[in-house]
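Enquirer: Assembling the complex is the task here: the two chains are given apart, and the hints tell you how they should meet.
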Amino acid sequence: GAVVSQHPSRVICKSGTSVKIECRSLDFQATTMFWYRQFPKKSLMLMATSNEGSKATYEQGVEKDKFLINHASLTLSTLTVTSAHPEDSSFYICSAVQGAAGKLFFGSGTQLSVL
Amino acid sequence: QKEVEQNSGPLSVPEGAIASLNCTYSDRGSQSFFWYRQYSGKSPELIMFIYSNGDKEDGRFTAQLNKASQYVSLLIRDSQPSDSATYLCAVNRGASGGSYIPTFGRGTSLIVHP
Chain V
1 GAVVSQHPSR VICKSGTSVK IECRSLDFQA TTMFWYRQFP KKSLMLMATS NEGSKATYEQ
61 GVEKDKFLIN HASLTLSTLT VTSAHPEDSS FYICSAVQGA AGKLFFGSGT QLSVL
Chain X
1 QKEVEQNSGP LSVPEGAIAS LNCTYSDRGS QSFFWYRQYS GKSPELIMFI YSNGDKEDGR
61 FTAQLNKASQ YVSLLIRDSQ PSDSATYLCA VNRGASGGSY IPTFGRGTSL IVHP
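Line by line, the protein sequences are chains V and X. Residue numbering for the first sequence follows this note's numbering, starting at 1 and increasing by one per position. Residue numbering for the second sequence follows this note's numbering, starting at 1 and increasing by one per position.
Pulled out of the complex, with its shape left as it was, chain X reads as follows (with noise of 0.2 Å):
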């Protein structure tokens, strides 16, 4: 059974800190890995894939892969009220893999209050 976990949170951080988004896989084939914002009631919005160990930055956002540790994480850097959400973690075989279905978890929701 492959298994994504997160902590559901509420985490709750200040404006301006950084949020830290951990999520663990089960799966050793997989091969991309994926966050996922889902505002309440809207559908869940792509804000960062990684594929390779180490880390991915994108403005405000750095993803972290550590494949040994079966280990992805999201860090949010001068986290924004508009930033509280629920976050979901992803990840599949990919192409190579023979499987693009993905394995969510179950998302943790950030609350970043002023």
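In isolation and in its complexed conformation, chain V is listed as follows (with noise of 0.2 Å):
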């Protein structure tokens, strides 16, 4: 299967910091990437859609000046949390593209905690 590759894959940051999330296809360009958050035990979340080239797609009740992507090639899209708080520790989970069916190859996942 193809491979995404997503890092970090766990940050600590204090309160008001912004952390950066990269997600990249290594073995396929994806026009497309998704954005999820995930909380324990519960449902994957749709953040947003990433098109490369050109402004990204938020969900309803996602807050697109808090998380900014930015996805500038088509094998690299990033998740920026800015001004981190306590309330945005999550998993974050980026997935891209492939073929067209829309197979999801997922990154590893992020683990944010905020302190």
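These aren't lab readings, by the way, just hints derived from the structure by calculation. As the structure is a computational prediction, the values presented were derived from the model and not from experiment. Heads up, the beta-carbon is just placed ideally off N, CA and C, and yes, glycines get one too. There's no promise every hint is true.
Output of the computed footprint for chain V on chain X, the stretches with three or more beta carbons under 8 Å from beta carbons of chain V [stated by the list, open to error]:
hint, segment
1, 5 to 18
2, 25 to 39
3, 42 to 49
4, 99 to 112
Expert: Here is the structure:
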């Protein structure tokens, strides 16, 4: 299967700082990537759709000024959590779409803890 | 509202048995159907995909699709304790349907006990 690399895997930061998470498709080009967050024992929650060369599309209730998404190339999307607060602590997962049928390949996730 | 329904479980089966996981979906425009496995604390992993009615087999896994009934299932033969995880069903409309955005079910927790 295709490989999606996500870094960092874990980050601990102080309240008010910004954190950048990178998502790379290593062996295929991904026009579309998705960003999810997940709380323990809960479902995946789609945050936004990242499209190469255009602005991200955010789901209802997700603050686009707080969760900045950049899809600068066909293999890289980044999520920046700006001015992080403890309530932003969560597991963030990216996924990249491969092929016309829309197979998703997921990164390994980033556990964000804001103190 | 597009919906994908799964029984949350847990589904408990003994080692060596067949585990049967079921999923229904509401969007008749769905073209692509996927099963993902998610271990606790990890991200999902694609294990099966199916596009046409009928069965698709890959090793111990068989996906079954019935578009008329809007039903997709996953069978795991010779279940192993390492299969214990949450199984997520997902559907999308694909390129021909104009959207890759998947709709996920809430997942079924499978426990395979020795």
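Enquirer: Are there at least three residues in the segment 99 to 112 of chain X whose beta carbon sits under 8 Å from a beta carbon of chain V?
Expert: holds (count 6)
Enquirer: Using a Cβ cutoff of 8 Å, are there at least 3 residues of the segment 42 to 49 of chain X near chain V, or does the coverage claim fail?
Expert: Holds: 6 residues of the segment 42 to 49 of chain X have a Cβ under 8 Å from chain V.
Enquirer: Three residues or more, CB to CB closer than 8 Å: is that satisfied between the segment 5 to 18 of chain X and chain V?
Expert: violated (count 0)
Enquirer: For the segment 25 to 39 of chain X, do three or more residues have a beta carbon lying closer than 8 Å to a beta carbon of chain V?
Expert: holds (count 4)
In terms of the numbered hints stated before, the structure departs from hint 1 and from no other.
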